[in-house]
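J.: Residue numbers (my numbering), protein chains in the order written: chain A, 1 to 318; chain B, 1 to 250.
Simulated from the structure, these hints should not be mistaken for laboratory data. Since the model is a prediction, treat every value here as computed from it, not as a measurement. The beta carbon of each residue, even a glycine, is placed where N, CA and C say it ideally should be. Please note: incorrect hints may appear among the correct ones.
[Said to hold, decoys possible] Within a straight-line C-alpha distance of at most 20 Å, the following computed SDA-like cross-link-like pairs (lysine to any residue) qualify:
#1 LYS243(B) - ILE79(A)
#2 LYS35(A) - ASP304(A)
#3 LYS247(B) - ILE278(A)
#4 LYS109(A) - GLY26(B)
#5 LYS25(B) - LYS35(A)
#6 LYS183(A) - PRO160(A)
[Said to hold, decoys possible] Covered by chain B, according to a simulated footprint, are these stretches of chain A (three or more residues, beta-carbon under 8 Å):
#7 57-66
#8 71-83
#9 100-108
Spelled out, the chains give:
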Amino acid sequence: MKVKKEMYNAISVQDLTKHYDNVIALNHISFEVEKGQIFGFLGPNGAGKSTTVRILTGLIKPDGGKAFVMGFDILKNPIEAKQHIGVVPEVSNAYVDLTAWENLILIGKLYGMPPQKLKENATNLLKEFGLYEVKDRLVKGFSKGMKQRLLLCMALVNDPELLFLDEPTSGLDVESARLLREKITQYNKDGKTIFISTHNMDEANQLCHRIAIINHGKIAAIDTPENLRAQSMELQYIEVALNKNVNLQEFSKNPSITKAVSKGNKVYIYTADPSTVIEFLVEYAKENNLRIFSLNTMMPSLEDVFIKLISSKEAIIQ
Amino acid sequence: MSTFTEQFKRSLVIAEKNIKIYYSKGPVILFGLVFPLFLALAFYIGRNIPLKETLPGLIGMTTFFTATAVGPSIVPWETRSKTLEMLLSRPVAIGTIIVGDMLSSFIFGLIISVIPLALTLFWGIQPLNFIILLLGLIIATLCFASLSVLLSAYPPTDIPATSMMLSSLVKFPLVFLSGVFIPVEQLPYWGKAIASISPLTYFTDMVWELFINNGFYPLALDFLALIAFTIAFTFATIKLHEKTLAKRLS
Chain A
1 MKVKKEMYNA
11 ISVQDLTKHY
21 DNVIALNHIS
31 FEVEKGQIFG
41 FLGPNGAGKS
51 TTVRILTGLI
61 KPDGGKAFVM
71 GFDILKNPIE
81 AKQHIGVVPE
91 VSNAYVDLTA
101 WENLILIGKL
111 YGMPPQKLKE
121 NATNLLKEFG
131 LYEVKDRLVK
141 GFSKGMKQRL
151 LLCMALVNDP
161 ELLFLDEPTS
171 GLDVESARLL
181 REKITQYNKD
191 GKTIFISTHN
201 MDEANQLCHR
211 IAIINHGKIA
221 AIDTPENLRA
231 QSMELQYIEV
241 ALNKNVNLQE
251 FSKNPSITKA
261 VSKGNKVYIY
271 TADPSTVIEF
281 LVEYAKENNL
291 RIFSLNTMMP
301 SLEDVFIKLI
311 SSKEAIIQ
Chain B
1 MSTFTEQFKR
11 SLVIAEKNIK
21 IYYSKGPVIL
31 FGLVFPLFLA
41 LAFYIGRNIP
51 LKETLPGLIG
61 MTTFFTATAV
71 GPSIVPWETR
81 SKTLEMLLSR
91 PVAIGTIIVG
101 DMLSSFIFGL
111 IISVIPLALT
121 LFWGIQPLNF
131 IILLLGLIIA
141 TLCFASLSVL
151 LSAYPPTDIP
161 ATSMMLSSLV
171 KFPLVFLSGV
181 FIPVEQLPYW
191 GKAIASISPL
201 TYFTDMVWEL
211 FINNGFYPLA
221 LDFLALIAFT
231 IAFTFATIKL
241 HEKTLAKRLS
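Extracted from the complex, chain A is given alone in its bound form (with noise of 0.2 Å):
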């Protein structure tokens, strides 16, 4: 039974728990993805990205927990939840021996469209792609990024209101790659919710509104991409250039520097306080008598966040 439409969340997550043998792929996570969103989900090889994205498009069920997709129980609706979803794999599985225009049309009977209806869309979707000069030609003379985009077509065929797209943008060229990213945004400006696993912490950070990072089968954060990094500002650092070497020791003597590295001709301290250091190094610029070419406060990098995430036992919250 679906819950009152004003009430759901796009897809509702809880205590979901998966075992593979005795390894434990899920253990206990629980999120929510409102609709509209970009929702990033980041994790390393292996940290249950891709169980989570299986049990949310209903090809495995898991051992415990709850899952809700588009207001619908993935587990005792799953038929009603899959119409409402467009899924984009991570490898390439339209039908090589069909023609890009019948793989299209396969589809969009699977989810029961009226034929009119389906002609016109599977037509716009391969126009939209560049696709539609090459509709009547079997899939396995496609390129990778031609295989990448008749997926994304696919996927957008029934007009979903919710997209899962899994490292959609991986192995292809900037150009593809660059056309994908445009196009997610269009389409979730066009208001579909947006599902992404991508190890790209670039695209996460351009493209999502809030990233949920996993690791070990358990969501280590939960936040905008704003937010995650201000979570970690002990990764801040302070880019400084100076016309001489400097002794990194004396910085270290600093109480607020907690690392300082030299790279070329540039010293990179890190801070949790920028301005002090600031202060600190006008004043040592003076008394040694140095110039400062340039000085960038940075704040640190999702990639950052990421790493000290899944590398620190003790930064899983849940």
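Put chain B on the given structure of chain A with help from the hints.
T.: Below, chain B alone, put in the same frame as chain A:
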């Protein structure tokens, strides 16, 4: 529209896709066309038996081999190419996919099996009741098609050749134990007992009855047995595939 009707329509879509992709695959041509043709020729040529008496065996064998040619390989092929995963992430149940696979196997078997039947009529050999024979052919083909998809359920391999080989291990003994070469009534007691657990026995027996008026079982029992086997195979196929699905997708 009811969920059942909607899912059955999607099974037809899957069957249509299978027809486009798998009918022209090498193993299907080999096991579904070449093999039964040469087995039929070996069965008939040089035996000095009237054509009419070889027909039950020929029709039974052709129907059995053609209807079981497509089914065993589809799921392993689709597992390997990850298209099974693609289908399952759409709004279709595993049962819908299985029924689609069965239907494509059934249509292949029916088309090819009609050929010896048509030749029979062409040669002027009339069955006692053509409509009953046609009905029996349809039910038997569906039964064998369901068996063929069942044969792909275990082990959950992604290698079509393995599935084909294992299905042959079941299919060949069945041909020898099902009254194809020797009518059931001429089998010893233990042979009759073994033959009674093979669905092919009931179809061959039906054809014996309709062409030579020499069936071992009553026609109604042949029909009932084939229907019961079809239901049992379909149920077992869906349950077994459901059980092995997680392993297949891992």
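J.: Residue count check for the region 100-108 of chain A against chain B: does it reach three with CB-CB under 8 Å?
T.: Coverage by chain B holds for the region 100-108 of chain A (3 residues, Cβ < 8 Å).
J.: Holds or violated: LYS25(B) and LYS35(A), Cα atoms, limit 20 Å.
T.: violated (44 Å)
J.: Given as covered by chain B, does the region 57-66 of chain A meet the bar of three residues or more with CB within less than 8 Å?
T.: holds (count 5)
J.: Given the hinted pair LYS183(A) and PRO160(A), is their Cα-Cα distance within 20 Å?
T.: Within the cut-off at roughly 14 Å; holds.
J.: For LYS109(A) and GLY26(B), compute the direct alpha-carbon distance and say whether it is at most 20 Å.
T.: violated (28 Å)
J.: Given the hint that LYS247(B) pairs with ILE278(A), test it: the Cα-Cα distance must not exceed 20 Å.
T.: violated (58 Å)
J.: Taking 8 Å as the Cβ threshold, is the statement that the region 71-83 of chain A is covered by chain B upheld or broken by the three-residue rule?
T.: n = 5 at 8 Å, threshold three: holds.
J.: For LYS35(A) and ASP304(A), compute the direct alpha-carbon distance and say whether it is at most 20 Å.
T.: violated (28 Å)
J.: Within a Cα-Cα threshold of 20 Å, do LYS243(B) and ILE79(A) meet the stated pairing?
T.: Answer holds: LYS243(B) to ILE79(A) is near 18 Å, not above 20 Å.
Hints 2, 3, 4 and 5, counting from the list given before, are not met by this structure.
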